[in-house]
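As you go down the protein sequences, you meet chains A and B in turn.
The first sequence begins at 1 in UniProt numbering and counts up one residue at a time.
The second sequence begins at 1 in UniProt numbering and counts up one residue at a time.
Check before you lean on any hint, since a few could be wrong.
Any copy, or any two copies together, can satisfy a pair, since identical chains are not distinguished.
Unchecked claim - As a list, the in silico SDA-like pairs of lysine to any residue whose alpha-carbon atoms are at most 20 Å apart:
| hint | residue 1 | residue 2 |
| --- | --- | --- |
| 1 | K470 | D136 |
| 2 | K156 | A179 |
| 3 | K263 | H393 |
| 4 | K515 | A179 |
| 5 | K156 | A180 |
| 6 | K332 | G607 |
| 7 | K278 | P640 |
| 8 | K332 | F595 |
| 9 | K278 | G607 |
| 10 | K156 | V571 |
| 11 | K470 | A247 |
| 12 | K178 | K515 |
Derived by calculation from the structure, the hints in this document are not laboratory data.
Model, not experiment: these values are computed from the prediction.
Protein chains: 2
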Amino acid sequence: MATETGYDRDAVRAVLDRARSESRAALTAPEGKALAEAYGIPIPGEALATSADEAVSLAVELGLPVVAKIVSPDILHKTDAGGVEVGLSSAEEVKAAYQRIVDNARAYNPGADIQGVQVQQMVGGGQEVLIGATTDPTFGKVVVFGLGGILVEVLKDVAFRLAPVSAEEARAQIGDIKAAEVLKGVRGGEAVDTDRLADVITRLSDLVTDFPEISEADLNPVFASASGSVAADLRFVLDFEPPEPPARFTREEILASMNRIFKPRSIAIIGASNEQGKIGNSVIRNVVDGGYAGQVYPINPKADEVYGRAAYPTMADAPDGIDVAVFAIPAKFVAAALEEAGRKGVAGAILIPSGFAETGEQELQDEVLAVARRHGVRLLGPNIYGYYYTPEHLSATFCTPYDVAGGTALTSQSGGIGMAILGYSRSTSTGVSAIVGVGNKADIDEDDLLTFFGQDDNTNAIAMHLEDLKDGRAFVQAAREVVPKKPVVVLKAGRTSAGARAAGSHTGALAGDDKVYDDILRQAGVVRAPGLNELLEYGRALPVLPTPGGENVVIITGAGGSGVLLSDAVVDNGLSLMEIPPDLDESFRAFIPPFGAAGNPVDITGGEPPSTYEKTIRLGLEDPRVHALILGYWHTIVTPPMVFAELVADVVGQARAAGIDKPVVASLSGDTEVEAASAHLFAHGVVAYPYTTEKPVQVLGAKYRWARAAGLL
Amino acid sequence: MATETGYDRDAVRAVLDRARSESRAALTAPEGKALAEAYGIPIPGEALATSADEAVSLAVELGLPVVAKIVSPDILHKTDAGGVEVGLSSAEEVKAAYQRIVDNARAYNPGADIQGVQVQQMVGGGQEVLIGATTDPTFGKVVVFGLGGILVEVLKDVAFRLAPVSAEEARAQIGDIKAAEVLKGVRGGEAVDTDRLADVITRLSDLVTDFPEISEADLNPVFASASGSVAADLRFVLDFEPPEPPARFTREEILASMNRIFKPRSIAIIGASNEQGKIGNSVIRNVVDGGYAGQVYPINPKADEVYGRAAYPTMADAPDGIDVAVFAIPAKFVAAALEEAGRKGVAGAILIPSGFAETGEQELQDEVLAVARRHGVRLLGPNIYGYYYTPEHLSATFCTPYDVAGGTALTSQSGGIGMAILGYSRSTSTGVSAIVGVGNKADIDEDDLLTFFGQDDNTNAIAMHLEDLKDGRAFVQAAREVVPKKPVVVLKAGRTSAGARAAGSHTGALAGDDKVYDDILRQAGVVRAPGLNELLEYGRALPVLPTPGGENVVIITGAGGSGVLLSDAVVDNGLSLMEIPPDLDESFRAFIPPFGAAGNPVDITGGEPPSTYEKTIRLGLEDPRVHALILGYWHTIVTPPMVFAELVADVVGQARAAGIDKPVVASLSGDTEVEAASAHLFAHGVVAYPYTTEKPVQVLGAKYRWARAAGLL
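Okay, chain A solo, but in the shape it has when bound (with noise of 0.2 Å):
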């Protein structure tokens, strides 16, 4: 998808290779014009004047008023230098002009090249916009586009994409702005040629991604209009030594050592102890009061025997087979048993030890990653709590034990969210696959995660926490691929200019700019969670969610106070209030009261008793026009919190049994029975919360944003 033919990359090639030998890291508008025309993007008639008198038939050839402007490979902006001037429309303009660039130029640099003016058409009219393209530090080549003026420079109106770009991706891109109705035409103003300015992203995508040396470029002003878009202004960077591209494992190799890894025969412990409160003892006790069926052994020189285990004094004593060691030693000591390690062929090392690169011991983590490489061992950590692995009853970890065994698999970049990933889902009864802590990264990141979980039937969502991504093209990648078979949510903290101040300082991790994060996971398909507490909660709901049918979503409440709260949270969550037909408002009106409103919300109203409730939602559930459901509760004598929970179970049960997977969520406002009352219609399959409206109406959204993603509706 990177080119198409009809680029002339030998022009460039050209271009570039002299702008090399001359050292130097920008082009002059001559050649960016070469390279838009052997990419085809549109830009004005000009030519390049070296006298006055040539400038003035330059001007009349390609038709007044032009825009005269310096040339100088040592005057890179141009409007400082005094070297522009706009708007000339007459013969004697242009050749007065000519003298002042020219003298304003040398005003400005006495030493500068100066090889002439060019001579312009000028362009105008349309809508200004911008387009260029830039070198992110974990994305590699991305595109930006945002309108012209001030609603980039204050408003910071822009949308980004990985490139290259597809035409679609483009037109995506182009309506992501805010200010995109803009572009529709607006007091009266002819509507924009989209698909031609969509045109020129894609060729500028297509351009940077063909020649990485192009660091930056920037197309500004483009003048969209309905005939077309032209490039009236273009200005390239050039960087010859970009930074390597990262290692990366194939899809394969990933699977291969993961499998072993989540998956092991046998497990050794490197630093098993019997002392109460060492990491060592904490280790062992919880793989083996966690139920893991495989092999343990603990390597310890020190003893016979450790937890009920035989011990070995080194992995080179231990038995053959074995598919991961946990080290629960000191830093110092780690890269000689993990060379140990690697020699006894196992597939995994899972490095609980702090004191790496998050405390300086950069060097020290370098050492021990190169002993990995070389056994073609992966690590996991250094400095984490370690994981878990449910299905195989696995808790490979110094803190407690976890068995809920479920769909949702959580990572995490800090051991402290770890640990409220533990705490959260002990407390919420929410069934998980896996909880794995990856600390510093250095080696096992996100996408060899994504890659496994994409791929694991015990998985069906996955939720992680990070403050930055190795190698985002490979998150990119692997998203991609996970997303149209589960959601993939993803906390991204130091979202913020402070947060990012305080990732710097954590992880030594450069956060990028936020919005590139932003646009490049929605552009994967990632569901970004906007803080901690929505990670877990997606994490815990979204399996628990069947996948809408379509957009039509209805608010079926007893208590019309929680129908305008609910209706607030399905606009703030981007779904659709579904506009009811009139034979189905009619079959709903059967069932409530005269002075109950249907529309939607159907307010049932507050007095109802529940066989109310259950006709309303059987109806819901069996008309197939409506695609999800939002119930709202109100605590009343008649229909007490169990009495709703329950009947609301049975309803969806029943639905469920005849084939109708709906997803159904619930509001429940009343007193304190409506926790109890919310976590059974949770154990039942609808995702239920007290005392707030706006949580599972959040929650459906999340499963929305997914599915669209997912290319589901």
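Place chain B on chain A using the hints.
Same frame as chain A, but now just chain B:
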């Protein structure tokens, strides 16, 4: 504050009187100009030409270029009529334009009364802005400010204020738009003189305040620059029959009634019943079992005694000195019973029954209100669960008693939301002074309650759920009086268009544009809760947190990962991470491991003992440059959750005993023990939550928003 000397009110009066006498709903351009001149709103030089020759001489006099516009009371949309020409820069152009404009106008509306063509000095340059005024159904006269062009039209980047605005308020309004930076000068442009721009807003706001019959005014565009602001076009719409302003009670009248309603000597319960399951049975049980110490008189013609209290057949038969009558009888009997209660001199009638305006029975509700007004009785409801006031152990409701006394007064328009308030409060042991249902608000509404709770020593925070305001101005006035003393939190439901539609079908209330509510509530110093859960949480937490003494917030965290997320939340909630001075940084560093990060967040790292938390937190409390602390806790064996909670409670308690009263909030990451630890902290004045980094910071942010609005920072 409404008017300034120097306004020529007589001139405005004359113009409006003429318009009224001619039954016109709009002013002509010269009339609009007369209004602007009378109120000192700068406009371009202009004059009326009645012939092409006169137009030319005027143009020369005013200075070319000029704009020419048709003047006709019958042509409101001049552009549509071909009645505007701009940029006329020669006598010939002016002459030709005059004729075209008049011809176009005749073609557009052959019957139009054409008075001539207005010749206007052409203004431009600077920044195009819009200043307007309108009559909001909830708030009355409001003024709007925004940048011109697509920023207003597409991005709706405008700010509203209640008229009249002071110069200071107008400056704040200008700064309130997202693109405000544009006015400081971008792309090398000069900064706009915002004082002079604010002056135009103030003058327009005075004009519409002094002359309520001006229902709408547009100054659009206004050209704002460094040298002043000129309104290039004006439009005024008139309404000589504005709606009646709502009836209001004086503060003394409100308090006289409210004090008797919340602190009654005795209560009558009309419809009190021995029959379980009846509302009249629930109410008397709750009043009696709740511990109310005054006399309780059941009114029931069919019983001698109800729930152990002597019953009376009618109110007339009951003893004197009754302050409150609670109605637990069907709607149709309320008016007659209220007549009796009124004669008995009750101060308040608590109308629990439904079946009034919310079911379409507006007339019945109006009738009941008329009875109440005749007897000087204030009505609460109808269509409510009742009300609680814990200082009097009063639970006048059909729900269940509640008596965890504390400082928060909560009110709700919807019964369902009231039940959520009750359940949430009970579940979290929220200390409550009052819970009040306002239902249909036939009489008592939020401004009455604000007035009472504002001066109630038992209340130190007020949290209100509302779907509409009957009298937005009265609410703002009450809020402005209360906010300097205690926080007022509002959940305004029906925020979005879908939500507003639901509000319409629920209460028949016309929900105003949410942006108007949002800006004006903020102007009144109200803290708006984004959702139900936040309303409850702010209500619970704000009275617990001391008021900060300044903007310097410091994060102290054991989990670096939490530090990053807490920093994100700090920025999201408009707080400022303190730039730690070098000496304080050094002091922090003395307590933390060398690889920990000082700066802000202060990252003490995960493996630290209780003493490290203790020393750093004590330092943050004792250093007078620090104004608020956010703690991030990470569950470890070395510092278990309850150990952390107890030490923080101790350190904070000692500081408070020593007169250091700073807000401290905490996020606890860990296994389920962090839940009990959070509850312990909350009970000891530290606002703490498990499994979330957002909520503690959000609550601190709400406290800061209030403190700023109250003028305490």
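Hint check:
no.	hint	in the structure
1	K470 with D136	within (12 Å within a copy, 53 Å between copies)
2	K156 with A179	both (11 Å within a copy, 10 Å between copies)
3	K263 with H393	within (10 Å within a copy, 61 Å between copies)
4	K515 with A179	both (16 Å within a copy, 18 Å between copies)
5	K156 with A180	both (13 Å within a copy, 13 Å between copies)
6	K332 with G607	between (69 Å within a copy, 18 Å between copies)
7	K278 with P640	between (50 Å within a copy, 15 Å between copies)
8	K332 with F595	between (75 Å within a copy, 16 Å between copies)
9	K278 with G607	between (59 Å within a copy, 13 Å between copies)
10	K156 with V571	between (24 Å within a copy, 17 Å between copies)
11	K470 with A247	within (10 Å within a copy, 66 Å between copies)
12	K178 with K515	both (13 Å within a copy, 18 Å between copies)
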